[in-house]
Amino acid sequence: MAKVVVRFESGEPERVIEVDLRNAPFQHDGRPGSILDILLAHGIPLEHACGGNCACTTCHVVVKRGGDRLSPSEDNEDDLLDKAPGLTATSRLGCQAVIEDNDAVIEVVIPRYTINQISESHG
Amino acid sequence: MAEERTAVLESVVDHGTDTRSFVFRIPGGLAFRPGQFLSCLLPIGGERLIRPYSIASSPEEPERVELLLNLVPGGPGSRYLFDLAPGATLHFTGPWGTFVLDRAPDAEAVFVAVDTGIAPIRPMLHRALATCAHPVTLLYAASHPIYRDELGALDALQLHHIAPAIVEQEVRRRYLERDADRSRHFFICGVGDIVPRLRDLLRGGGYARRAVQYEKW
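Here the protein sequences come in this chain order: A and S. So the number in the numbering used here is just where the residue sits in the first sequence, counting from 1, plus 158. So the number in the numbering used here is just where the residue sits in the second sequence, counting from 1, plus 4.
Just so you know, the hints here were simulated from the structure itself, not pulled from any lab data. Source: prediction; values computed, not measured. Careful, some of the hints might be misleading.
[Unchecked claim] List of simulated lysine to any residue pairs, SDA-like, C-alpha gap at most 25 Å:
no., chain 1, residue 1, chain 2, residue 2
1, A, Lys241, S, Thr97
2, A, Lys241, S, Arg186
3, A, Lys241, S, Ser62
4, A, Lys241, S, Gly210
5, A, Lys161, A, Asp259
6, A, Lys161, A, Pro269
[Said to hold, decoys possible] Over 10 Å on every C-beta distance to chain S, these chain A residues come out as not near it, computed from the model:
no., residue
7, Glu170
8, Pro171
9, Val174
10, Asn181
11, Phe184
12, Arg189
13, Pro190
14, Ala199
15, Gly201
16, Gly225
17, Ser229
18, Lys241
19, Thr246
20, Thr248
21, Glu258
From the three backbone atoms N, C-alpha and C, an ideal C-beta is built for every residue, glycine too.
Build the full structure now, drawing on both the sequences and the hints.
As structure tokens, this is what we get:
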């Protein structure tokens, strides 16, 4: 079983999820076995405005542990992350980062705000 | 989570070949940037499916928003919208998206639209033409071009209609082989692998990474 520790910048209580990756996909948005797939299936409402299709940045998460157990990012994800508010060196899009090891321990932080781009630019 | 809003379907324009424009009225208006999309919340099969659709109209008309899409075989989202009648309501969040153009770049702007990829590019083109000091070009790769008359009437636009099958060779010929200028900025939109192929072609040919913006559906 893979373990996913989810922390929230908003201060909500931490959640710990244990999941058997062999049962992926767990719902219908994001890549099967992705952080988005797992969080949504466990009632954690990670924003995903494009439906989990790697076309926006709203499922941005910061990976604090276990990044090497995730599928590597591709150009499309990296290009989008370039425009994500609060980008860090370990940022990923939840819809694209697939947990590849069923013994992995992954820890992610969900940023406080998903900034709507029009608000960001025009106050 | 994002604020949910409601739009009312005002009219539908059938472009043929299973492609339609859906014009929604948004009470109070919607502020958005050229190129952004709405995240539509569609009640299908007892669930709420999320489907992103680019805004094909301009921010200068904030109370009327046009979505352009084609009917995807087996695609529940497009089927749902195609079955809506005027007066129906649509729930959405947004606008969203970082494939945007607020001002024309400080260099030649080349837009590449493949089929319904013209949707976000249409408002971007209008904004580019309103703010440009350099040439603005549209390479429109479509078997059945939408907005043909409107685009053809834009005097300042260098418009080239081509067949989708030759878009890669046209991009290579025009922007890699013809000259050594690598200052152009590209904005590419379409469905499927053609979009990253064009991205890689241009970046591999010497254009800066951030000078090649794209949205892949």
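Hints, verified against the model:
1. A:Lys241 - S:Thr97: 19 Å, holds
2. A:Lys241 - S:Arg186: 23 Å, holds
3. A:Lys241 - S:Ser62: Given pair Lys241 of chain A, Ser62 of chain S holds - Cα atoms ~22 Å apart, limit 25 Å.
4. A:Lys241 - S:Gly210: Status holds; Cα separation ~22 Å.
5. A:Lys161 - A:Asp259: Cα-Cα ~10 Å, so holds.
6. A:Lys161 - A:Pro269: 20 Å, holds
7. Glu170: 13 Å, holds
8. Pro171: Fine: 18 Å to the nearest Cβ keeps Pro171 of chain A off the interface.
9. Val174: The assertion about Val174 of chain A holds, with a minimum of 22 Å to chain S.
10. Asn181: 19 Å, holds
11. Phe184: 14 Å, holds
12. Arg189: Non-interface label stands for Arg189 of chain A: nearest chain S Cβ at 15 Å, farther than 10 Å.
13. Pro190: 17 Å, holds
14. Ala199: 13 Å, holds
15. Gly201: 13 Å, holds
16. Gly225: Non-interface label stands for Gly225 of chain A: nearest chain S Cβ at 23 Å, farther than 10 Å.
17. Ser229: 17 Å, holds
18. Lys241: The claim is violated: Lys241 of chain A sits with its nearest Cβ about 4 Å from chain S, within 10 Å.
19. Thr246: 17 Å, holds
20. Thr248: Non-interface label on Thr248 of chain A holds, nearest chain S Cβ at 20 Å vs cutoff 10 Å.
21. Glu258: Holds, because the least Cβ-Cβ distance between Glu258 of chain A and chain S comes to about 22 Å, which exceeds 10 Å.
The structure does not agree with numbered hint 18 stated previously, though it agrees with all others.
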